[in-house]
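Enquirer: Sequence:
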Amino acid sequence: MLSRAERSAIADWWWTVDRWLLAGVGVVIVLGLVLIMAGSPPVADRLHLPSFHFVNRQVEFLIPTIVVMLSLSFLSPRHVRRAALVLYIGSMVLVVATLLFGHEVKGARRWIFGVEPSEFLKPAFVVLAAWAISEGAKRRDLPGNWLAILLFPATVVPLILQPDFGQTMLLSLVWGVMFFMAGLHWFWLGGLGASAAASVTLAYKFSPHVRSRIMHFLDPGQMGGIADTFQVDTALDSFISGGWFGKGPGEGVLKQILPDAHTDFIFAVTGEEFGLLFCMFIVGVYAFIVLRALFKAANNDDPFCRFATAGLALLFGIQASINIAVNLHLMPAKGMTLPFISYGGSSLMSLGITVGFLLAVTRKRPKSELIFDRAAAPAAPPMGVPAE
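For any residue, its number in the numbering used here is found by taking its place in the sequence shown, counting from 1, and adding 6.
For the record, the hints were derived by calculation from the structure and aren't laboratory data.
Bear in mind that the values here come from a model prediction, so they are computed numbers and not experimental data.
All residues carry an ideal CB built from backbone N, CA and C; glycine is no exception.
Any given hint could turn out to be false.
[Unchecked claim] Label-pair distances were calculated between CB atoms; the ranges are:
1. 335 with 53: 22 to 28 Å
2. 337 with 14: 43 to 49 Å
3. 109 with 32: 32 to 38 Å
4. 69 with 239: 34 to 40 Å
5. 149 with 265: 54 to 60 Å
Make the full structure from the sequences, and use the hints.
Expert: Below, the structure written as structure tokens:
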């Protein structure tokens with residue numbers, strides 16, 4: 007056990023990091039390995055791969071993910087901002103390159119060089135938005151809110167062009183909540199809400215992909231609806247088949263015909279084999295991580311750490327909520343992974359970066375460091391409120 011008197015970097019990290027958050031993430035990671043072993047063998051068999059191909063690959067992805075997550079958690083808030091800026095620029099370059107040279111899958115260009123750049127864009131965008139909002143709150147001469155507003159279209163327009171409406175919706179929700187926390191005037195909130203509604207309407211009107219998913223969600227019985235909702239219908243049957251206590255590990259039947267049993271619909275496999283009570287436990291762990299982080303944000307005196315903590319926690323929690331809602335047929339399919347549980351290298355590494363940043367900005371910091379990190383300028387009023 008590390009002593010409080012020890013002054014090494016590791017000892018300092020251990021006594022300042024939020025160990026409850028770290029434990030919650032550790033539980034999800036362990037659950038992910040167990041559930042990948044339950045959901046991935048049928049998919050591997052259908053692809054004529056070794057039964058534990060996806061399990062082994064997940065472990066290969068997980069090792070560097072944990073290293074990156076823990077390494078980032080050592081960063082100071084200043085270095086978190088710098089790392090996010092570098093990550094954002096690199097990710098945007100790859101996103102634009104994906105539009106031009108990426109591999110097209112199901113009518114979308116999201117992959118290049120074997121990675122999905124939009125995954126890495128998410129945590130960087132949240133940190134930079136938090137940085138802009140916090141600086142605007144501290145310095146009257148810096149238009150922080152406007153910088154954050156300009157950052158939003160610069161980020162989501164390339165995602166829409168891919169098209170990737172799932173990630174766009176996720177970032178829009180997190181960005182909107184962060185601005186609400188910043189005290190944005192109701193006039194601006196109404197304008198942002200109207201813009202979001204107009205965007206959804208335009209996407210429905212001009213994107214056949216979006217229109218098809220919405221229509222099949224609202225009316226599964228229309229022509230072609232049965233085939234297009236096969237995964238969602240099978241997922242619902244999995245929860246019904248598993249009941250409260252499940253059929254037992256490895257005893258699931260419907261996972262044999264569920265195409266994405268190891269990725270987007272692994273929560274349905276969990277419902278069939280481990281039951282609804284276990285699914286509720288998983289939801290409880292996610293809720294604990296998010297609520298713990300939001301509690302830390304509410305009690306943080308540093309504006310940047312407060313906004314970054316809330317934004318990263320919401321990014322993590324909303325992504326989990328979207329995946330679970332799709333599995334339960336509460337919203338149209340989005341192609342969103344379940345954090346640390348679904349199979350996927352880019353998603354896993356992105357989540358490691360997200361949690362690494364989150365652990366870094368929630369670490370306990372001495373008052374002297376807080377004062378040094380803040381700008382000396384007086385606080386500015388919220389956007390839309392005139393200065394006195």
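Enquirer: Would you mind marking each hint as holding or not holding in the structure?
Expert: Quick rundown of the hints versus the structure:
Between residue 335 and residue 53 the beta carbon distance is about 26 Å. The supplied range of 22 to 28 Å therefore holds. For the hinted restraint 43 to 49 Å between residue 337 and residue 14, the CB-CB distance of approximately 47 Å keeps it satisfied. Between residue 109 and residue 32, the C-beta spacing of about 34 Å keeps the proposed range 32 to 38 Å intact. Taking the beta carbon of each, residue 69 and residue 239 are about 36 Å apart, inside 34 to 40 Å as hinted.
Between residue 149 and residue 265 the CB atoms are about 48 Å apart, so this pair departs from the stated range of 54 to 60 Å.
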